[in-house]
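Chemist: Assemble the complex: chain A is given as a structure, and chain B must be docked to it using the hints.
Listed here are the chains, written in short residue letters.
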Amino acid sequence: MAFVAYPVAFGAWLGSSPHLYEELFEDPIYQRTVVNTILYVGIGVNLKMFGALLLSGFFMRRSWWTPGLLLVFVLPWAMPALPSFISIHWMLNGQWGLINNFLWNVFDFDGPGWIETSRGLSLGSVIWSHIWKWMPFWTVILLAGRMAIPTELYEAAEVDGATGVRRFAHVTFPLLANLYLVCTLLSTIFTLGDFNSVFFVSGGGPALSTHVLATLGIRNAFDVARPDLGVAAVLTALPLMIPLVLILMRKLRTTEVAL
Amino acid sequence: MFTNTIWPETPSLDSFWIVVTQGYWYLEYFWEQFGNSLYIGVATVFFTLFIGSLASFAIGRMRVRYGWVLSNAALLTYVIPASFIAIPFYRIMSIYGLSNNLWAVIAAEVTFATPYAIFIFQQYAVSIPIELDEAARIDGASPFQVYTRIYLPLMAPALVAVGTYALLLAWNEYLYQFLLLSSKQTMTVPVALAQFLNSDEAPWNYMMATAIIYALPPVAIYYVFRGRMTAGLTMGGVKG
Chain A
1 MAFVAYPVAF
11 GAWLGSSPHL
21 YEELFEDPIY
31 QRTVVNTILY
41 VGIGVNLKMF
51 GALLLSGFFM
61 RRSWWTPGLL
71 LVFVLPWAMP
81 ALPSFISIHW
91 MLNGQWGLIN
101 NFLWNVFDFD
111 GPGWIETSRG
121 LSLGSVIWSH
131 IWKWMPFWTV
141 ILLAGRMAIP
151 TELYEAAEVD
161 GATGVRRFAH
171 VTFPLLANLY
181 LVCTLLSTIF
191 TLGDFNSVFF
201 VSGGGPALST
211 HVLATLGIRN
221 AFDVARPDLG
231 VAAVLTALPL
241 MIPLVLILMR
251 KLRTTEVAL
Chain B
260 MFTNTIWPET
270 PSLDSFWIVV
280 TQGYWYLEYF
290 WEQFGNSLYI
300 GVATVFFTLF
310 IGSLASFAIG
320 RMRVRYGWVL
330 SNAALLTYVI
340 PASFIAIPFY
350 RIMSIYGLSN
360 NLWAVIAAEV
370 TFATPYAIFI
380 FQQYAVSIPI
390 ELDEAARIDG
400 ASPFQVYTRI
410 YLPLMAPALV
420 AVGTYALLLA
430 WNEYLYQFLL
440 LSSKQTMTVP
450 VALAQFLNSD
460 EAPWNYMMAT
470 AIIYALPPVA
480 IYYVFRGRMT
490 AGLTMGGVKG
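One line per chain: the protein sequences are A and B, in this order.
Each residue of the first sequence is one higher than the one before, counting from 1 in this note's numbering.
Each residue of the second sequence is one higher than the one before, counting from 260 in this note's numbering.
One should not assume that every hint holds.
Stated by the list, open to error - Restraint ranges, calculated between C-beta atoms of paired labels, are given here:
| hint | chain 1 | residue 1 | chain 2 | residue 2 | range |
| --- | --- | --- | --- | --- | --- |
| 1 | B | Leu-413 | A | Phe-102 | 52 to 60 Å |
| 2 | A | Glu-158 | B | Leu-329 | 43 to 51 Å |
| 3 | A | Glu-158 | B | Leu-391 | 41 to 49 Å |
| 4 | A | Asp-160 | B | Asp-398 | 51 to 59 Å |
| 5 | B | Tyr-482 | A | Ser-63 | 18 to 26 Å |
| 6 | B | Ala-479 | A | Phe-102 | 28 to 36 Å |
| 7 | A | Phe-25 | B | Trp-276 | 32 to 40 Å |
| 8 | B | Tyr-482 | A | Ala-156 | 50 to 58 Å |
| 9 | B | Pro-416 | A | Ile-247 | 29 to 37 Å |
| 10 | A | Glu-158 | B | Leu-475 | 43 to 51 Å |
| 11 | A | Lys-251 | B | Ala-317 | 21 to 29 Å |
| 12 | B | Pro-416 | A | Lys-251 | 20 to 28 Å |
| 13 | B | Pro-388 | A | Phe-222 | 49 to 57 Å |
What the hints assert, rightly or not - A few chain A positions that, by computed beta-carbon distances, are all more than 12 Å from chain B:
| hint | residue |
| --- | --- |
| 14 | Glu-22 |
| 15 | Leu-39 |
| 16 | Leu-54 |
| 17 | Trp-64 |
| 18 | Trp-65 |
| 19 | Thr-66 |
| 20 | Leu-75 |
| 21 | Pro-80 |
| 22 | Ser-118 |
| 23 | Leu-153 |
| 24 | Asp-160 |
| 25 | Ala-162 |
| 26 | His-170 |
| 27 | Ala-177 |
| 28 | Asp-228 |
Note that these hints are calculated values from the structure, not bench results.
Fair warning: this is a prediction, and the values are worked out from it, not measured in the lab.
Heads up, the beta-carbon is just placed ideally off N, CA and C, and yes, glycines get one too.
Pulled out of the complex, with its shape left as it was, chain A reads as follows:
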């Protein structure tokens, strides 16, 4: 505990000067970074969680091949982040990456420089990689949540004539809603602090246009040798973090997340 409390206090002290924030807010890289962070977290988390919700429903199907498919599906999450993201970085290389090679060979089409030229494509690649990596995990969690719903409820709903979408809307979703909310909040915080997917897929490039707060903080502190500025960048995430943390702590304490 002391190892967290002390760095937090020390960090707050490092980033306590108001001049730092003036300097930071005037920095165009920082302004872009904030937009990137909002896009990254907003799109990344929601797409990921919604996809996980749908996929967990798919994996509830009882056929002989779904358990096998699930084993393959969780592979991105079971793999360490680093090799996967480095591979994606390589695949996205504009000159000799796998994707552009494929486009050239099969469609005779010269692919774009995914992470070298365009900020939109680069950020999109980062978000896509993040979703690819983390969706399996949340699918497994939501799947466990769905499994915990007693089948009697579904049978009762069926007797009452609720099937298909109505069964989902009136039985499954109300029971999953709390878990879904907790998972979304947790995922938001983890995504906010996610360093690896941005750092290895795009590296903040092209021209420092796809940094998020977590990577910009590290860049300021170690590449530019301004640790105070790095801490200040990270601390600007606090207004978003504190309400999330407060809600989450209440949820985690009162509701048994144990399913």
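Modeler: Relative to chain A, chain B alone:
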């Protein structure tokens, strides 16, 4: 630059052999780095289980005063992203003279694994009837004996789940290992992997071979402990 091939024409395992025999200058300390990763992983598991189980025992079983403060503090630290406190952590470690020391990394990984451990242990311990403790105490067992003879054996499933989690966390983590370890003999496999990216010649074949060798243990561990892991994971969710 297009090579006009997607599948290699002559697939071979040569690169793996080069990695295993450390036959390339980037890889001259490969097994040492592999050992470092393993060492950090095992030490993290040990200390996480030790601190986590003792803390949860004290909060849940011995009912220490203000135990709820501790469990809330654990929850709070669980939701603070590790990358946000990397800069001050690095500064503190260099003030202590612990930079480029494996123990600095172990301290960091234990810090991030312990809150989750306390959280899971506390939730799991609710299912162990407290009457068992009381019966043992009537038979004259000290709190320490209750902890070693009753609490720990009954907590075995949670210990396995959290231990696996801590091992994977330490093995897969990159940022702290990158910041805190700098020399070739002390760095771990992920840091060495990322170093390949900095080189001009970019030996992708060796890098990918290293990456696959590095990725195999966690994948194997995951599939072996899958049942236990998902039971533990659904309780809290894993830190990213």
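Chemist: Hint by hint, note whether the structure agrees.
Modeler: Now for the hints, and whether the structure bears them out:
1. B:Leu-413 to A:Phe-102: 52 to 60 Å: Check passed, 54 Å falls within 52 to 60 Å.
2. A:Glu-158 to B:Leu-329: 43 to 51 Å: holds, 47 Å
3. A:Glu-158 to B:Leu-391: 41 to 49 Å: 43 Å Cβ-Cβ, so the 41 to 49 Å window holds.
4. A:Asp-160 to B:Asp-398: 51 to 59 Å: Holds: the Cβ-Cβ distance is about 55 Å, inside 51 to 59 Å.
5. B:Tyr-482 to A:Ser-63: 18 to 26 Å: holds, 21 Å
6. B:Ala-479 to A:Phe-102: 28 to 36 Å: holds, 30 Å
7. A:Phe-25 to B:Trp-276: 32 to 40 Å: violated, 54 Å
8. B:Tyr-482 to A:Ala-156: 50 to 58 Å: violated, 37 Å
9. B:Pro-416 to A:Ile-247: 29 to 37 Å: holds, 30 Å
10. A:Glu-158 to B:Leu-475: 43 to 51 Å: holds, 46 Å
11. A:Lys-251 to B:Ala-317: 21 to 29 Å: holds, 25 Å
12. B:Pro-416 to A:Lys-251: 20 to 28 Å: holds, 25 Å
13. B:Pro-388 to A:Phe-222: 49 to 57 Å: holds, 51 Å
14. Glu-22: Since the minimum Cβ distance to chain B is about 20 Å, Glu-22 of chain A lies beyond 12 Å and the statement holds.
15. Leu-39: Its Cβ never comes within 12 Å of chain B, the nearest being 18 Å, so this holds.
16. Leu-54: holds, 19 Å
17. Trp-64: holds, 19 Å
18. Trp-65: Label holds. Min Cβ-Cβ 18 Å, cutoff 12 Å.
19. Thr-66: holds, 15 Å
20. Leu-75: violated, 7 Å
21. Pro-80: Violated, because the least Cβ-Cβ distance between Pro-80 of chain A and chain B comes to about 4 Å, which does not exceed 12 Å.
22. Ser-118: holds, 19 Å
23. Leu-153: Per Cβ check, Leu-153 of chain A is outside 12 Å of chain B; nearest 19 Å; holds.
24. Asp-160: holds, 29 Å
25. Ala-162: Non-interface label stands for Ala-162 of chain A: nearest chain B Cβ at 26 Å, farther than 12 Å.
26. His-170: Non-interface label stands for His-170 of chain A: nearest chain B Cβ at 24 Å, farther than 12 Å.
27. Ala-177: At roughly 16 Å from the nearest Cβ of chain B, Ala-177 of chain A sits farther out than 12 Å, so the non-interface label holds.
28. Asp-228: violated, 9 Å
Going through the hint list in order, the structure does not satisfy hints 7, 8, 20, 21, 28.
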